[in-house]
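Trainee: Sequential numbering of the sequence shown, starting at -17, is according to the working numbering.
Warning: the hint list may mix true and false statements.
Stated by the list, open to error - For lysine to any residue, the following SDA-like pairs were computed, each having C-alpha atoms within a straight-line distance of at most 25 Å: (1) Lys83 <-> Pro29; (2) Lys11 <-> Thr42; (3) Lys27 <-> His77; (4) Lys27 <-> Lys48; (5) Lys81 <-> Thr61; (6) Lys96 <-> Ser7; (7) Lys83 <-> Gln25; (8) Lys9 <-> Glu23; (9) Lys83 <-> Phe31; (10) Lys11 <-> Thr61; (11) Lys81 <-> Thr42.
By construction, these hints were calculated from the structure, which means they are not laboratory data.
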Amino acid sequence: MKDDINGGGFVFDCRGILNPGRIESMKSKTGRDKEVIDYLEQQTKMPEFLHSVFDVVDITVEDYIKRGFESLYVNFGCTGGQHRSVYAADEMARHLKNKFKVNIELNHWVQDEKNWRNDVEHS
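Produce the entire structure from the sequences given, and follow the hints as far as they go.
Mentor: What follows is the structure, given as structure tokens:
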């Protein structure tokens, strides 16, 4: 959705999901690395969490589109902004783009600050 001054949005806390950053082999990786993605999808409640988050956000997106609003912020946080929130934000962006065909602006503040790769396509 295009940026404007509407200011509506959500903040979702991913700290309730097991943290791959506590596993030695994943400490230096991000939510875009296959090992982390596999862990989050197969060994945590992340899929159930995102299913619920998608349901909540979809209700608002549908309503915003009908009402002509052009922006909605959806934020995810976790302990370090490296694993869980990165994965969740990427999945949300992919979900919204595929379901609603809206424009997405995706920012990973911690990744950007640390110059980690930030190049996943959302198709």
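Trainee: Measure nothing beyond the straight line between the CA atoms of Lys81 and Thr42; if it is 25 Å or shorter, mark the hint as holding.
Mentor: Distance of about 13 Å is within 25 Å: holds.
Trainee: Are the Cα atoms of Lys27 and Lys48 separated by 25 Å or less?
Mentor: violated, 32 Å
Trainee: Does His77 sit within 25 Å of Lys27, going by the straight-line distance between their CA atoms?
Mentor: Cα-Cα ~18 Å, so holds.
Trainee: Lys9 and Glu23 were given as a pair; does the straight-line alpha-carbon distance stay at or below 25 Å?
Mentor: holds, 17 Å
Trainee: Does Gln25 lie within 25 Å of Lys83 when you go C-alpha to C-alpha?
Mentor: violated, 30 Å
Trainee: So if I understand the rule, the pair passes when the alpha-carbon distance is 25 Å or less; does Lys11 with Thr61 pass?
Mentor: holds, 14 Å
Trainee: What's the verdict on Lys96 and Ser7, does the C-alpha distance respect the 25 Å limit or exceed it?
Mentor: OK: Lys96 and Ser7 at ~19 Å, within 25 Å.
Trainee: Decide if the proposed pair is consistent with the structure: Lys11 and Thr42, CA atoms, cutoff 25 Å inclusive.
Mentor: violated, 33 Å
Trainee: Going straight from one Cα to the other, do Lys81 and Thr61 come out at no more than 25 Å?
Mentor: violated, 29 Å
Trainee: Hey, Lys83 versus Phe31, does the alpha-carbon distance stay inside 25 Å?
Mentor: holds, 23 Å
Trainee: What's the verdict on Lys83 and Pro29, does the C-alpha distance respect the 25 Å limit or exceed it?
Mentor: Holds, at roughly 22 Å.
When each numbered hint is compared with the structure, violations occur for hints 2, 4, 5, 7.
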